[in-house]
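Next come the chains, spelled out residue by residue.
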Amino acid sequence: MVITLLAVTTLTFFLMRAIPGDPLSSLARVLPEQIRANYYAKYGLDQPLFTQYLMYMKSLLRGDLGESLVNPGRSVTATILETSPISAQVGGIALLVGLVIGIALGVIAALYKNRWPDVLVMFVAIIGVTVPVFVLASLMQYYFSVRLRWLPTSGWGEAKHMIIPVIVLSFGTIATYARYIKSSMLEVLSQDYILTAEAKGLSTGQVIRRHVLRNSLLPAITILAGRIVGIFTGAFVIERMFSIPGIGFYYVSSINNKDYSMIMGTTVFYAALFVIMQLIVDIVYTVVDPRIRLQNKD
Amino acid sequence: MKRKAALLLAGCVFLAACSGGGGTASSTASSQAAEEVSQAQEETSQAETAETEAEETPADTAEGQYYSSFMDADPATLDISLRADSYSSEIMLNTMEGLVRTGEENGSYVILPALAETWEVNEDGTVWTFHLRDSVWEDGEKVTADQFVYSLRRSADPATGSPSAFFLQPILNFGEINAGEKPVEELGVEAPDDNTLVITLSQPTPSFMMMIDATVYYPQREDKIAEFGDKSGSEAEYYISNGPYRLESWVHNNSIVLVKNENYWDADNVSIETVTIKIMGDITTAYNAFQSGEIDSVYAEALEWRETFEAQGDCFPVDYPSASMGFATFNNKDELFSNVNMRKAFTLAIDLDEMNEMCFSGMRSPAQGWVCDSMSVEETNYRDRAGNMMQAMRDDMEAEGMTPQDVLLKGMEELGLGDDPSTLQVTMGIGGTDEWYRTLGEYLQQVWKTELGVDVTIDYNEWGIFVDNIMTGNYQIGFLSWGAYYNDPYDVLSLYLTDLDMVMTGFSNAEFDALVTAAASEMDLEKRIQNYIDAEEILIRQECVVCPVACAEAHYYYKNYVKGYATMNFNKIGLKGMSTGER
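The listed protein sequences derive, respectively, from chains E and P. The first sequence begins at 55 in this note's numbering and counts up by one. The second sequence begins at 6 in this note's numbering and counts up by one.
Honestly, the hints are just simulated from the structure, not real lab data. Every residue gets a Cβ at the ideal spot worked out from N, C-alpha and C, and that includes glycine. A portion of the hints provided could be inaccurate.
Derived list of chain P stretches under chain E, where covered just means 3 residues or more per stretch with a C-beta under 8 angstroms from a C-beta of chain E [claimed, not checked]:
#	stretch
1	80-88
2	161-168
3	258-265
4	281-293
5	464-471
With the sequences and hints as input, model every part of the structure.
Shown next, in the form of structure tokens:
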């Protein structure tokens, strides 16, 4: 785990410095040489690259992610701690909504395979996967805010601000899960033990609840891990469109602005979160799936 | 029609309210108001009639006027010495007060007293003395001349690493201090007493008054900087104002709220109580918000949106030239472009009117020279005097009975490159990769192919890479924009001084240098203008160092009830001059 993080940090550090430009180029200005030199000296950018790397790693070990180069006075750690919960709030609700609706639709599609509910669900799923979120977001913003005036176009702080972003963000999850659950359910339905269960005389409802659903949800946990990490890192496009002060902005803008410390901070944060999440998923698996526990004992 | 009525009302109100208007403005105020009324009656274009006086204070200053607008990005920082982006400058303009504010009157700029009640300059134009009025910060602390001295020294100090410090260039010893060769105490600023600020310049600088409404000339509180430390200007709680508004709240990437500062010296003339500035990174969101009435102003260049707004009827457009020039720069050290006829051929091949339509949807104005249409020398519009130099260059060519291709062939002959334009290898760099830049690149490629017969390769890069190439002289032609920092032709002409050469053209001309340098310290207005014109003649008409293409324009829409907005580029009155009528 530590090695993975070290590798990610080192690679990112040198890759990002290989990109031409510097934090001052975000101003889209050509500045006099002396002004540039003073700025470089202030942030230690005039030191040899390897010295800068050592300095960075030293402060990283102390848990200090440094100060933003583009937003002087704003600490990277504080920015991450302030903005990622906001992203997580929108993303979390959207994920929950998406999961519930997605799983329900997937079950319906599997049970009514090749009949109209299945066709309808798959149609929605294909739209959800293929239509880019910003198109969906623009459409919803236009109809609900401009035409109907039901909801504000953008903003943050009240429940009404979250409605459109949550719907738009959950759409992708709904689409992914509906398709995923459908196929894994169909697979389970064709298993011998389902036949056995039916032969035992269980009702359809009981078969679905006790055997089909439980078994077909297992693989869904794997893709869930990535999604949970994703909600903390924000949704850049949606956050930008709806003026949500989340972390997504910093992931994209820090690279465009060459805000070195912010690039490093957000990358380390993402990598750490991802590694931890993988660990949790492995643990959860042993709890949910008895077969894994059995193998471990052997 | 609605708009007309509103204007008539505004005009009448103006007559009633203009008494006590600041400084030079009041003398012509009534004629201005009368002119507006008649304009409205004649139903001239909305944009023209929309022109209202900046210091207008309508009598209907009802309690609780509010205004909402937007910015497309979060300010980087509100630290006076560290800021450099335009977003922070917009917030500071409304929350800080400097020595003077530039206003507008009948299409000319006027310098209005702000904290400096009066000022005088010694005979040779090097020592400027400002007499400050008694005023306080939002917390009641007195604004003193010492705070100006502290602020200027802090920005000049190399340890501060201020990206806007070059604005202090004219001040005595700035160069040495910023290079770390002299202590900051030697900067040419002094405070003999609390209400007197003396700034000494290294040479006479008649345009100095045009520079000092820049944010870097605002005062700073040493006690607050010490208290805030590194966090200064990073959040609303680490910021203190002395201007028309105070910073009530700042949620990064979401919104900024400004509330009228009751301690402001001119608070009686501030109409709007609360201002909400929403940060909308996506322009479509801003358009939607404008349509649904959540914000009161928006800028719009895209034709389809302009049509939508026009059809809506509850808003009106305000258009005026800004001071950003789009141009193709030639590497004058390149084998091909070291030849003046090559540079001229590539310049004259472009039909600037057509290019404006094709590449900028007609929303810019075709270049008339290197200096933008909006710039003036004190109160005289520069372009009106200098004329259209791009046309003059074309006339010169036509007088000789030549076409752009003839000029190219002449250049090729001088360079010994034969007479087949298709053998030339030319690459143009463009600092962007999205559709707008592609259109631009492909248009120029096609123009040079048909007009000159030259196949030009276009090299699209991200801005950072592109600028690196320009700065290291690793280019033949590059497309850039340059926005003026302050309103004087020196600001943009000085880019090409041999010692500066800010866009790495490699151009060096002793006569040009002499003219521009002389103009910078020429106290006689007429001589100064003439020097600028002569310098621009060399730069464009004779040497064609760069190819100016189009000057950007500001295109705003305001809701019908908004009054007192700027209609000129360097107007720095801001929200202070604005008000809202009945919504």
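Of the hints stated earlier, which fail here?
none
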